[in-house]
Amino acid sequence: MSQATFYRWKMKYGGLLPSEVERLKVIEEENRKLKQLVAELSLDKKMLQDVLSKKG
Numbered sequence: 001m002s003q004a005t006f007y008r009w010k011m012k013y014g015g016l017l018p019s020e021v022e023r024l025k026v027i028e029e030e031n032r033k034l035k036q037l038v039a040e041l042s043l044d045k046k047m048l049q050d051v052l053s054k055k056g
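If you read the sequence shown in the working numbering, its first letter stands for residue 1, the second for the next number, and so on.
Simulated from the structure, these hints should not be mistaken for laboratory data.
It should be emphasised that the depicted structure is a prediction, and the values quoted were computed from it without experimental measurement.
Honestly, I wouldn't trust all of these hints.
[Said to hold, decoys possible] Below, simulated EDC-like cross-link-like pairs (lysine to aspartate or glutamate); rule was C-alpha separation at most 16 Å, straight line:
1) K10 - E29
2) K55 - E40
3) K12 - E28
4) K12 - E22
With the sequences and hints as input, model every part of the structure.
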């Protein structure tokens, strides 16, 4: 492990209990999934708007 990786990890997780680290990982994964969902829904919305604008 590089020194930079160690210090980045220490800054992010250094003051947390193991249960807090696990909770943080769960929240980060949930956040990633929600961002993906928002991106997909935004594309769906854009496609629907394009279809509606061509009909009108």
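For each hint, the structure was consulted:
Using a Cα cut-off of 16 Å, the hinted pair K10 and E29 is violated, with the two alpha carbons roughly 20 Å apart. For the suggested pair K55 and E40, the alpha carbons sit about 23 Å apart, so the restraint of at most 16 Å is broken. A hinted pair counts as satisfied when its Cα atoms are at most 16 Å apart, and K12 with E28 qualifies at roughly 13 Å. Proximity of K12 to E22 is assessed by CA-CA distance (about 13 Å); at most 16 Å being required, the pair is judged to hold.
Violated hints, listed in ascending order, are 1, 2; each of the other numbered hints is respected by the structure.
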